[in-house]
Amino acid sequence: MILEEDQPEHLVRRDFLKKLAAASTAAWMTGEPQSLWAKTGEKVTHPEAKADACILLWMAGGMAAPDTFDPKGYLPFEKGLEVKRMLSTFPAINTSVDGIKICQGMENIAKVMDRATLIRSAVQPDLGSILHSRHQYHWHTGYVPPQTVATPHIGAWMAKVLGPRNAVMPAFINVGQRLEGVGESEELKAFTTAGFFGSEFGPMNLPFPEEAAQSVRPPKGMEPARFASRDKFFRKLVDLSPHRDHMSDYQQQSMLRSMDNAYRLLSSKEREAFDITLEPKESYAKYDTSRFGRGCLLARRLIEAGTRFVEVTTEYVPFFQWDTHKDGHTTVATMHKEIDQPIAQLVLDLEAKGLLDRTLIIIASEFSRDALMEGKPGSTANDQTTFKVDTLSEMKHYGLHRHFTGGTSVVMFGGGTKKGYLYGETADERPLIATKNPVSVMDLHATIMTAMGISPKTEYTIEGRPFYVTEDGKGKAVMDVFA
Amino acid sequence: MLPRISLFFLSVVGLSQAAPIDFSHQIVPILREHCAECHTGDKKKGGLSINDREALIEGSENGPVIVLGKSEKSPLIEVITSTDSDIQMPPKGKRVPPEQIALLKQWIDEGAVWEKGFAFKKPAYDPPLKPRKPVLSASIDGREHPIDRIIDHHLAQKKQPRPEPINDATFIRRAHLDLTGLLPEPEALAKFIADPAPDKRAKLIHSLLSDDVAYADHWLTFWNDLLRNDYGGTGFITGGRKQISSWLYRALVTNMPFDQFTRELIAPPNDESRGYIDGIKWRGEVSAGQTVEIQFAQSISQSFLGINMKCASCHDSFIDRWKLDEAYGLAAIYSSRPLDIARCDKPIGKQATASWLFPEIGQVDAKAAQPERLKQLAALMTHPQNGRFTRTLVNRLWHRLLGHGIVHPVDSMQTEPWNADLLDQLATNFVESGYDLRKTLAYIATSQAYQSTTQILTQETDDHGFTFAGPRARRLTAEQFVDAIWTLTSAAPSKMDAPVFRGKVDTEQAKKIAIQGRWIWGDSAAAGKVPPSDEKITLRQTLKLDADPTAATAVVTCDNAFILYINGRKVSGGDDWGKLAAVPLHGALKKGANTLIAVATNGGKGPNAAGFFLDCRIRMPDGKEITLATDSTWQWTPQFPAASKEGRLGAFDAKDWKPVTLVEAVPVWQKTIDSQAPALLAQGVSGSTRMIRAALVKGDFLMRALGRPNRDQIVSMRPNDLTTLEAIDLANGQTLADALRKGSSKLASEKWPAPDALTTHLYRHALSRDPTAGELTSTREVLGTQPTPQSIEDVLWAICMMPEFQFVR
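Residue numbers (the numbering used here), protein chains in the order written: chain A, 1 to 483; chain B, 1 to 809.
No lab work stands behind these hints, which were simulated from the structure alone.
We put the beta carbon where it would ideally sit given N, CA and C, even for glycine.
Errors might be hidden in some of the hints.
To be verified - For the chain B half of the interface with chain A, some residues (derived, Cβ under 8 Å), not all of them:
1) G284
2) G707
3) Q713
4) I728
5) M802
As the list claims (entries may be wrong) - Simulated crosslink set (DSSO-like; lysine-lysine; CA at most 27 Å straight-line):
6) B:K495 to A:K220
7) A:K476 to B:K92
8) B:K746 to A:K220
9) A:K189 to B:K92
10) A:K474 to B:K92
Said to hold, decoys possible - Cβ pair distances, simulated, as ranges:
11) A:G181 to B:A654: 30 to 38 Å
12) B:A379 to A:T45: 52 to 60 Å
13) A:E425 to B:Y125: 54 to 62 Å
14) A:G73 to B:T633: 56 to 64 Å
15) B:Q459 to A:A167: 18 to 26 Å
16) A:S268 to B:A202: 47 to 55 Å
17) A:D249 to B:D211: 29 to 37 Å
Same shape as in the complex, but just chain B (with noise of 0.2 Å):
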C-alpha cells in the first residue's frame, strides 16, 4: 500500500506546484495498470498503440489522442475520466482513479515527456527483408545435410531428444504422397525394400520428381489453391474470368525456375498466364475493397509475400504494419485508370500512386505505362534482395511437406519463424539452386529431419511455443485421398477436365503426324484474286461425334485474326500467324452434332493474302482418332456475329454459306506450320495413358466433402480435421461406394492363392506395410476362404477408412 499513498501523496503536489513529472515512476505504472493489455506490443486497438512515444503520438485510427501541452483538449483524458461507460477507457474494469488522472494531466500539459528510448515492449517483431545466408552450426554425429544441422542444433538448444528415423516401408509411402501424391505401387515397395544401395532415399527423391506428368498432376492442386486457379466456377459463366491452366501445367511439367514463373504470372508474357493478375472481374458493383485493382494488391502480396493484404485494403491494417495507402499503391501498378483511394468504402479524396512494399530494394516509376510497371514489379519481386519472397516460398514447401511452416500460419509472414537459420537456409539454397522448385523439395526431403517418425499431438502441443519433434502428419488432401482411392479400385474418370496437355512435346510422336489442314478463305481468295484488307467473313464446319472425346488437340492460326466458337462458347482466338498454339478441345467437344464457327478478319494495307487454318487431333473413347480439319468442306459467309459478349457466341443466324475457297498457302504460312504444328498436336496425344488424376477434374461431391475448396480465394493451408459430414460421405457416399465396388469386382476376378494373400496386397499397396498376424486373421473372418466382391468391398472400405491410411505419417 505504501507506494500507492505516496503516489496520491504526489499528485496531490503535482496538482498545486510545478513538481515535474517522473515518467517512469509516475506515468509509466498508470499506463501499464490501464492501458497496456491493449495498446502495447503488437496490440493497437482502434489503431491505438502506446508502445512507444511516437507511437502515442501517432494517435489512433480517428487521429491524436492527446494535445501536447493541453490536457484539457486530450481525448485520452476524456475518456478516462468519463462516466459514461459507453465512452469510458478502459471500457471495462477498474476506472483510472482521479489523482492518477491528474498525474496524466499534468504530464501532458508538461508535453508528455519520455523517457529516451523506453518501449512498453519490444517492439513487434519485424522480419529482415534481404536474404541472408546462415553460418552452419558443426553437424552432429555425422549428419551433414544443412537443414539437420540446424535442427540438431535447434534441438541440443532445447535439450529435446532428436526424432526416430523412419524405416524404408514409411519412407517410400510418404515420399510418393509428398511429391507425386500417389501411392507407390506394392512392387515398387517390395524393389525399394530390397534394394542395398545406401543412397536408395536419395535416388527415389529423385526419381519421384523426374517424373514430370505426376509430379505435375501433384503440385498442380498446390498452385490452383495458391494461384485460385480453376476448371469452371464463379467468374467463368460470365466470362470475368480466366484459366491459366495450360500455362500452369506447362511450368510445372517443365520446371520452370520459380523467379520466371513469378515474372510471367505479374507481368504476362501473352494471356496464357494472366488470369491471374486479372483476378475475378464480376458483373454489377462491387465494394471498393474487391475491385479488380484491389484483388491484384492482394493476391501478389498473399501468393509470393505471405501477406494478408485484405485489412489494409480497406483501412491501415490494426494486425500488421500495413497501410491503405501501400495497398493501393500495389493496385495502381495493375491499374490502367487513375485509382482514387477509398477508406471503408468511401473515397478520401486521394489518388493512388503505384508503389511497391519494399522501396529499399527499388521502386515502380508510377509513370510508366501499365505493361512497363508490372514489369518492373515482376523484376522488384524477384529482385535478388527480395529475401521474403524467397522465404515465403521455401516455408510453404516446408509446411507441405513438414506439416508445420517455419512461419506459422503460412501467410503470416510478418511473424517470426521458429527457427531463422532454418528459414534462411532453406531460401538461400533455393536461390543457389536456381529458384528450382524440384531441387528444393528434394532438399528437404533428402535431410533425416524430413525422413523421422512423425510428432504425436495433443491439444496443448504448441501452447508454449514450437519445438521440431519430427514431422506432423499430414491428412491426405481430397485430391490425394481420390487419387489413392482411384488407384486401389481402377475407377479413375476416362476424361479430365483441366485444358492441359499432360507431358512434354514428344518428337517421336511428332514426326508421325501428317498435317492435314488446309488454308481457307471467301470468294475474295478465289484464283486470281486478293482480299482486300479489313474482310471479315466467318467460316463454319459441322462435326459428329459418338461419345465425348478423351482428349482432342487443335493448331489454328489466321492470316490475320480470328476467333474460334465452339458450340457457342469462345474457345481461342489470335492475331499473330506466325505463332501457333495449340487448343485443347476435349471438353469443348461433345458427343452429338458439335458446331465450329471461325470469325476471321483480314489485315494490312490494300489487298493481301487471307487465310484461315485448323487441325484438330480426336481420341475417342474407343482409342480411335478422328482428324478435324480446314478443307473444302467448310462454308463461309461475308455476315459476321455482333462482337462476343462475355466470350459466348450470341445469335447467328446467316443463310447464305457457300463452300469456302481453298487458299494455297504463302510460304511463310507454311513454315509457321510445319514447324510448329507437329510438334504441338504430338503434345496433345502424349501423356494420354496415364490415369486421370483427380486434380485434372472438376471438384466432385466427394473431393468437395473432403475439403477442395471453392477457388473464389487463394487457399494456402486446407484443413486438417475430418468432419462429421465428412464422415457421412465416406461411410455412405455414393461416388466412393460406387468406385469401391468396382475395385472390389475387379480383385475378386483376379486369382489369388489364399485370402491372405489378396489381404497382403491390399494393406501392402494402401498402407505400403504388411498386415500383421492379428490383421490377417481378422480380415480372413470377413473375406472368408472364397472372397466375395462383397466382402472385399467392406475390407477395402475399412482400410481406406483407417487413420493409418488418411494421413501421410
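Isolated chain A, as found in the complex (with noise of 0.2 Å):
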C-alpha cells in the first residue's frame, strides 16, 4: 500500500482496513486505529505549518461566482433580453496573470491576481432547501446542520490546536457581524461559537470596526487611571476577603487569571491594534469603502499584533449585501466597490510587511448564485426566487438571483498557496458547474487547515466519541494549491 504524501499515516490505515472487510468475505478486526493516537488531539502528526495566522474575507449571502471572479458570457442590459440567456452581468477584465480574467469593478483585486491561487471549482451540498444559514453554518465549522452537539468554528479550532499567536492577543476575532437585531441571528449564533471547546477558544465578536478600540478600552467615560486604580482596588479586596481560603482554590485561582488576562489585554499596548483611527489617514483612506473595507483594515492590524485568526464579513443580513433576491447587478457593483480596494490593500500591506508569506487569506462564500438555477442540476431545492420572468422588463431582474451550488470560487492569497495559478475550472454554458477538480467544504477545510499546520484528522473527544477538524477525519487537503 503505498502513502500519499499528504495523508498522515493513521487515516490511511483506517480507509484501508474498511476497505479491505467491505471486499473480503471474512469479517475483518479493526481497532478504531485513529483513536489510538489522537484521543486528546496531541499525538496526531500535524503536518508542518506553511501559515501562522488565517483571514476568513466572508463574502455573505452568496457570492456570485459569474459576476466575481469566474466571467462567463456577457451580455449588457436591455429590455427583452431572455433571462436563460443571462450568464455574466458584468464584463471580463485581464489581470496581472495571463490566462485569469475576473470581472469589471474589481480592478484592484485584478493587480494582486498575480499573488493568488483561485480555486473555481468549490461546490456545495444542496441540503434540500438551500438556506444561508445553514449553508453558512456549514461552511463556518464543517458540519451540516443540526448537529448533536455545538460544533466549533474553523477559527475556534484553530484557537484550540494552536492557541494564540500572542499571549495578550485573542486568538479569534470575528469582524463585521452583529449577532442581535439583524435576521436569523441566532442561526449566526449557532455557529459563531467554539461549541463544546467552551468559550474560551470562541470569537471575540467586533461587528462594527470602528468601535473595536471600544471593546478593549476601560467602559466608556472611564479614564486609564480609574480603570487601573480600580482593578488594584478589586485585587485588594480579593486579598482582604475572609473568604479567600474558604473558597475552592482552583477554581479562584482560574477565575483570577482570567480577570488579570482580560486587565492585560485591556490595560496593553497591544490594544492600540483595535483602534483603526491611530492608522496613518492615507492608509486609512485605502481601506475606507464601507464597514467591511475597515473590517480588512482592522484585521491587518489584529494579525500584525498577532491574532491568530480573524474574520471579517460583509455582514449577514437576509436580502442585503450578496444576498441579492433582486437588483442583483446593480448591488454587486456595489459590493465590488466595497470589497475590491480594501482586499487588494490588504494583501499589498502583507507583503510589505513581510507578513504575507505566513498569512493565509481566503475570500469565499456560502454559494455562488445563478439567474436560472437554484442548487445544481438535478437538485430537489425549492426554487426560493420571489419573481420569475423570462425576459427582462426591469433592470432589477437583472442579475444572479438564484442559489447556486454547483460551482463557486474561492480566493487565497499568502500562506504557502501558489502564486497566480488557477485551480479547477467551471462550463462556460449553463449549468455552469465545476467540470474539473471539483473541491468540496470537507477538502477546503482540509486545505485550510492544512495550511495552518493542523492534520485535518485532528479530532477531540466530546461526549466519549472523536469529532474532526473535518467531517470523520476525512477531509484531503488540495495539495496542488500550495508552492
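Build the complex: two chains, separate frames, hints provided.
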C-alpha cells in the first residue's frame, strides 16, 4: 500500500481497513486505530505549518462567481433579453496573470491576482432547501447542521489546536457581523461559537470595526487611571476577603487568572491594534470604502499584533449585500466597490510588512448564484426566487438571483499557496458547474487546516466519541494549491 | 526469562503435535500483553472486546474476528501476522512473536477453548434498573437525616473527616441562590441571623420553596436547558420548533409531580407541551441521525434516563451498551411513518420496530397507533419499577445543589455512582414524596451534608476517585449573575420575552374583571340568518400603541375554529370553543400600529351558530390598562388568506372589508366565557410587580458571554470556569457597565449616615456578610467621605468581580 504524502498514516490505515472489510467475505478486525493516537488531539502528526495566521474574508449571502471571479458570457441589460441567456452581468477584465480574467469592478484585485490561488470549482451540497444560515454553518464548522453537539467554528479549531500567537491577543476575532437585531441572528450564533471547546476558544465579536477600540478599552467614560485603580482595588478586596481560603482554591485561581488576562489586554500596548483611527490617514483612506473595508484594515492590524484567526464579513443580513434576490447587478456593483480596494490593499500591506507568506487570506462564500438554477442540476431544492420572469423588462430583474451550489469561487493569498495559480474550472455554458477538480467544503477545510499546520484528522473527544476537524477526519487537502 | 523460553518450547511442540492448548497459561498471557489494553473491560476499540469468550466470538463492528477451527481464515491471525503497518495489530509497539502466533493459531483451530467463567476484567458496571430502598447505617452523633447517615458512613469507611458546618450567613446565601436563584435581601439576612429558632434553616428552605414565582423563575433555566426550550433561536424562524414555555412555567408554579410532568412531555395531552418531543424540524435535508424521530430518541434518553444515545443513533455505541436497533426502537415509538434503520447515514434495509430500552418492565405495543405508543412509553418511563428514571432526576438535583453528581457527569447514568445507597435513598424518597421536585430539593437542602463548608479543590482532587468532602462551590449561572446585578442595581428590564404567566390564578383579581368581548361573525349571522357550515371568513382589527406593552393577555376562542395572527405572525389557534386558552401577547404587540387578523371557520353539518371571541388586557409601561376586545368596530371579509406557511401570514390584501355582525351568544358559549375567562385574564395580571428575571428574557450578549447556551442541544451541565473573553466582558462590557452606573446613581442619591454604612449595605446584599475592618478601610479610601456615583460604581464592580460573589459557596 502506497502512502500518499499528504495523508497522515493512521487515516489511510483506517480507510484501508474499511475497504478490506468490505472486500473480504471474512469479516475484518479493525481497531478503530486513529483513536489510539489521537484521543486528545495532541498525538496526531500535524503537517508542517505553511501559515501562522489566517484571515477569512467572508462574502456573506452568496457571492455570484460569474459576476466576480469566474466571468462567463456577458450580456448587457436590455429590455426583452431572455433570462436564460444571462450568464454574467459584468464584462471580464484582464488581471496581472495571463489567462485569468475576473469581472469588471474589481480592478484592484485584478492587479494582485499574481499573488493569488484562484479555485473556481468549490461545490456545496444542496441540503434539500438552500438556506444561507445552514450553508454558512456548514462552511464555518465543516458540519451540516443540525449536529448533536455544539460544533466549533474553524477559528475556534485554530485557537484550540494552535493557541494564540501572542498571549495577550485573543486568538479568534470575528469582525463585521452583528449578532443581535438582524434576521436569522440565532442561526448565525449557532456557528459563531467555539461549541464544545468552551468560550475560552470562542470568537471575540467586533461587529463594527470603528468601535473595536472600545471593546478593549476601559468602559465608556472611564479614564485609564481610574480603570487601573479600580483593578488595583479589586485585587485588594480579593486579598482581604476572609473567604479566600474557604473558596475552592483551584476555581478561584482560575477565575482570577482570567480576570488578569482581561486586564492585561485592556491595559496593553497591543490594544492599539484595535483602534483603526491610529492608522495613518493615507493608509486608512485606502480601506475606507465600507464597514467591510475598514474591517480589512482592522484585520491587518490584529494580525500584526498577533491574532491567530480573523474573519471579516461583508455581513449577512437577509436580502442585503451578496444576498441578491433582486437588483442583482446593481447590488453586486456596489459590493465590488466595497471589497475591491480594501482586499487588494490588505494583500499589498501584508506583503510589504513581510507577513503575507505566513498569513493565509481566504475569500469565500456559502455558495454562488445563477440566473436560472437553484441548487445544481438535478436538485430538488425549492426555487426561492421572489419573481419569475423569462425576459427582462426592468433593471431589478438583471442579475443572478438564485442560489447555485454547483460551482463557487474561492480565492487564497499567501500562507504558502501558489501565486497566480488557477485551480479547477466551471462550464462556459449553463449549467455553470465545476467541470474539473471539484473541491468540497470538507476538502477546502482540509486545505486550510493543512496550511495552518493542523492535520485534517485532528480530533477531540466529546461525550465519549471522537469529533474531527474535518468530518470523520476524511478531509483531503488540495495539495496542488501549495507552492 | 525462563517462562518465555519454555513457552517457546511448548509452541514448537504445539506446531508439530496435537498437545491441547492450556488456555489460562498459554493464551491469556498473550492476549493480555498484546490485546488487552484496547479490547478488554470497558475498552472496545473498533467495537471489539475480547473480555470474555462471548464477546470475542461476537467480533468487531465489522463482524467476526475468529472463525472457530480455521485459524487461516481468522482475521485476528491475519492482522497480527501482517507486516503492513497499515493493517497490523497491535498498531504500535512490539509485534506478537511468531511462537505466540503459532499458539493462537492452534488455539483457534482447536475451537478457542476458554476457561469457564473467565473474563479479563470484571464486566463493566451495569447499573440496576429497579428501585432499591437502602438499609441505613446507624446515625452518628445524632445526625438523623438519611442523607447524613449515608454520608457519615461513607466518610467513616474512607477514614475522612466530616466537613465543617456553615454559619447562618453562608447558609442563607447558599439556600437563596440554590432554591430561588436570588441573593437574600439584607433585611432577610439580619432577621434570619437574629432568629433563635432551632429549626429556622428548615423553615427558610420551605418558605423559599413555597415562593411559587421565585422558584419557577429560577428553575426555569435548569429545565429550559434540559428540555432545550427557548424563546427564540434556531428553528423558530421557520416554524420548525415550538416553545413549551407556558406549559413548563405553569408546571413549575403549580409544582406538577414529576411523573405527570414527564408523561405530559412524552405523550402531550395538547399542543402546549408538544414542542419537546417534536424537536427541531430543520428546513431541507438532515442526516439520518438528526431526523425528528432520532432527535426524539436522543432527547428522551438524555433528559429522563441520563443516557447518551447520540452514538447509538448512528451505529452500535462503542462507549456503552446501547445499540443502533435500540435507538431506532425509541425513534419508532414517535415515528408516524415506517422508519428505515440507517447505519452511519446509510439505510441497512431494515425497518425499525417500536420498542423501548428496558423490556424487563414492559414493552410498547409496536402495532398501536402513535399517540397510544407515546402513552405507553410515558407509562413505562414513569413505571414504579423504573429506578433509572428517578435516579437520573435526583442525581441532577444533587449535582445542582452540591456541585458534583453522585453519578458524574450527570448524563453518564450507565456508570457507577460514588455511593449507590445515597443515590437510591434519594430516588426512593423522591417516589415516596409523590415525585415532588420541591420536597426533594428540601430533602437535600435540610441535610448536614448540604449545610457544610465547600470543599477546597485542587487540580488533582479527583485523581483517585471521588470522596465526599463537602459541597463544591458552583459558579453563578449567567442568569443568577445577571439577576444578582439587577437586584443590586434595580436595572432589570420592564418586559419579558417568555410567554408565561408568572403566578397562579388570582381569584380575587378574577372577580374584578368584567368581560368586554362580544361574539362576532360576518353577514351570514345577521338577524334571522344562520351561518352555513364550513363558512370561512377573515376578521380584522388594528390597534395603535404608544409604547411596547409590559404585559398583555388574551382569551380567544371560536365556534368552531380559528387562527389568530398579529402583525403577520401566528400567535394562537384552536378548534375547541369549549376550552379557552390564555395567550400571552406581550411579545406580539408592539409600539405603533398592530394588525390582528383572525381566520375563522364554522363547522358542523348544515347551518349552525358561528362566532369569534377575543378579550385582551394590555398593560402599558405607565401602568395604564388597555382593553382590546371583539366588538362592532371589527371588520370582516369573505376572503381568506392561503394556508399559513411556517406560522406566517402571507400577503393578504382583501378589498371588501365590512363591519362585523354582533352575534348573540349561545348560552353554552357564555357559560364557557363566564367560567374561564376572568381567571385566565387575571393570571396575566398577577406577578407583574416582581422584578423581571434573566431567565424570562432572551439571552443577551452578557448572558451568552457568561455561559447561557444556545439551546439547539440539551445542556445538563454548564461550564464552571470563567474564561478570559468573559472576563473582558465583565471588565468593560456595556451591558454590565450600564447596569452598575444605574445602580450607583440610585445608591448615591440615598442617604447614608457614613460611607461605611454604604459599604456595609453592599457587602450584606452582595456577599451576605459584614465587611471586615480592613475591607472597610480600603473601601473608604475609594469612596471618600462623600461617595460619588462614580466611586460607588467602582466599589460595586469590584465586589461583583470577587470570586466570593461569583460563586455559590
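So, going through the hints one by one against the coordinates:
Interface restraint check for G284 of chain B: the shortest CB-CB distance to chain A comes to about 4 Å, inside 8 Å, so the restraint holds. A distance limit of 8 Å between C-beta atoms decides the matter here; for G707 of chain B the minimum to chain A is near 7 Å, and the interface restraint holds. The criterion of a C-beta within 8 Å of any C-beta in chain A is met by Q713 of chain B, whose closest approach is roughly 6 Å, and the hint holds. The beta carbon of I728 of chain B is positioned within 8 Å of a beta carbon in chain A (closest approach about 4 Å), and the interface hint is therefore held.
The interface hint given for M802 of chain B holds, since its Cβ lies 6 Å from the closest Cβ of chain A, which is under the 8 Å cut-off. Pair hint K495 of chain B plus K220 of chain A holds up; C-alpha atoms about 26 Å apart against a cutoff of 27 Å. This hinted pair checks out: K476 of chain A and K92 of chain B have alpha carbons roughly 24 Å apart, not beyond 27 Å. In summary, the hint linking K746 of chain B to K220 of chain A is supported, as the alpha carbons are separated by about 19 Å, within the 27 Å threshold.
About 42 Å separates the Cα atoms of K189 of chain A and K92 of chain B, which puts this hinted pair outside 27 Å; it is violated. Annotation: proposed proximity of K474 of chain A to K92 of chain B holds, straight-line Cα distance about 22 Å (limit 27 Å). Our hint of 30 to 38 Å for G181 of chain A and A654 of chain B holds, since their Cβ atoms are close to 33 Å apart. Distance hint check for A379 of chain B and T45 of chain A: the Cβ-Cβ separation is about 53 Å, which falls inside the suggested range of 52 to 60 Å.
Restraint check, E425 of chain A to Y125 of chain B: a C-beta distance of roughly 58 Å satisfies the suggested window 54 to 62 Å. Between G73 of chain A and T633 of chain B, the C-beta spacing of about 60 Å keeps the proposed range 56 to 64 Å intact. Between Q459 of chain B and A167 of chain A the CB atoms are about 20 Å apart, so this pair conforms to the stated range of 18 to 26 Å. Between S268 of chain A and A202 of chain B, the C-beta spacing of about 52 Å keeps the proposed range 47 to 55 Å intact.
Under the hint 29 to 37 Å, the C-beta atoms of D249 of chain A and D211 of chain B, about 34 Å apart, fit the expected range.
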